[in-house]
Amino acid sequence: MARRENAEINAGSMADIAFLLLIFFLVTTTMDVDSGIARKLPEKTDQQSDVIVKEKNVLDIVVNRNNQLLVENEYVKVTDIKRLAMKFIDNGGGLGTPIDDKPGEPCDYCGGAKDPSSSDHPSKAVISLQSDRGTTYGMYVSVQNEIEAAYNQLRNDLSLKRYSRSYDALLQDYNDNPTESLKVKIDDLKDKYPQIITEPEPIK
Amino acid sequence: MSKFKKKKKGTPGISTASLPDIVFMLLFFFMVSTTMRETDLLIKKPALPVASEVKKLEHKSLVSTIYVGKSKDTRISGDKIQVNDKIIAVKDIPSFIYSERALRKEDEVKFMTTSIKADKDASVGTVLDIKEQLRDIDALKISFSTSKGTDLSKNF
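Residue numbers (the working numbering), protein chains in the order written: chain Z, 1 to 204; chain R, 1001 to 1156.
Calculated from the structure, these hints are not laboratory results.
Check before you lean on any hint, since a few could be wrong.
[As the list claims (entries may be wrong)] Below 27 Å or equal to it, Euclidean Cα-Cα: the simulated BS3-like pairs (lysine-lysine) are:
hint	chain 1	residue 1	chain 2	residue 2
1	R	K1148	Z	K77
2	Z	K82	R	K1055
3	R	K1045	Z	K40
4	R	K1105	Z	K40
5	R	K1110	Z	K183
6	Z	K54	Z	K204
7	R	K1055	Z	K190
8	R	K1154	Z	K77
9	R	K1141	Z	K44
10	R	K1110	Z	K40
11	R	K1141	Z	K192
Only a predicted model underlies this, so the values are computations on that prediction, with no experimental measurement involved.
Let the sequences and hints guide you as you build the complete structure.
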């Protein structure tokens, strides 16, 4: 009697099974990476404390329901906001916020025009974004994006000057390899140009 | 001579033995690079606005998403808000966030982010109402979901 050879398992249908799985995953999954403009909302406090902010330290941006923009009562385009915001934040015409009873110091890193009628110091410069309830969300995000771009640009410039590396690159490095020295640099840059954005009640 | 004549005639078939390997490779690529679709949209898919200064949302498991957009039914006007698999009113957002928090560990709650995926034609009023509700319950980290691009002119 001849010895029977081990019959091999037929692997022909393996490809079909794998295809089935592949198609299942293709259908149920999405490729897109979730990304967006990150914002931190201000906390709600019970006691209303009136902080007096000088008129010149506030950049008023108003968007109406027809998606038209007013910056400091002048009609502008969305693409102008970044330039205007940078000019405003980086002005450095006066003294900064006093920290721990120390008197405020003038901004020694600002590259602005030092115009006394514009903002005193980046730590005092407030951007106020007032929108209408009827403004479209796309416009609102565009304005937010331009403001963000202004701050990022300023931080980038300062970072290049001080650490000869851009702020974006520092953030990237920190993401790949979080070290204490990088964190100090990033926090310092954030501290030099803090984002102060206020959004008053929308126009009804 | 007969030695040489024994050779088979005709073209041999292409071996498909490596086909499963190729398909598996594709399969693994898609499994790794994609995420599961979590919710079925009851509203029209929001057309996200474009922004250049975007940040990637880290820690997917700590993100709760709020969709804002038009209803699929064209007769119904106004913005609809969807979370998970249902359409809710603005005042129900706190309870949604609370239910999301209940699913996470306590020490992770402060890292939770709310991602607002709103249509670019939605009105800001709706979005600001949502923000106000989130402020009320101290869900302060938010992200306006956008797609990356530099041409902002399509936003409005």
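Inset, instruction - Decide if the proposed pair is consistent with the structure: Z/K54 and Z/K204, CA atoms, cutoff 27 Å inclusive. - result: holds, 26 Å
Inset, instruction - Take a quick look at whether R/K1110 and Z/K40 sit within 27 Å of each other, Cα to Cα. - result: holds, 12 Å
Legend entry - Pair hint R/K1045 and Z/K40, alpha-carbon separation not exceeding 27 Å: holds, 26 Å
Legend entry - Pairwise hint evaluation, Z/K40 against R/K1105, where the allowed Cα distance is 27 Å at most: holds, 21 Å
Legend entry - Restraint status (C-alpha distance of R/K1110 to Z/K183 at most 27 Å): Distance ~20 Å between R/K1110 and Z/K183 Cα, so the pair holds.
Legend entry - Satisfaction of hint between Z/K77 and R/K1148, Cα-Cα up to 27 Å: holds, 21 Å
Inset, instruction - For the pair we were handed, R/K1141 and Z/K192, check the Cα-Cα distance against 27 Å. - result: holds, 22 Å
Legend entry - Pairwise hint evaluation, Z/K44 against R/K1141, where the allowed Cα distance is 27 Å at most: holds, 13 Å
Legend entry - Given pair status - R/K1055, Z/K82, alpha carbons within 27 Å: holds, 18 Å
Legend entry - Restraint status (C-alpha distance of R/K1154 to Z/K77 at most 27 Å): Distance of about 14 Å is within 27 Å: holds.
Inset, instruction - Measure nothing beyond the straight line between the CA atoms of R/K1055 and Z/K190; if it is 27 Å or shorter, mark the hint as holding. - result: Measuring from Cα to Cα gives roughly 16 Å; hence the hint holds.
Going through the hint list in order, the structure satisfies each hint without exception.
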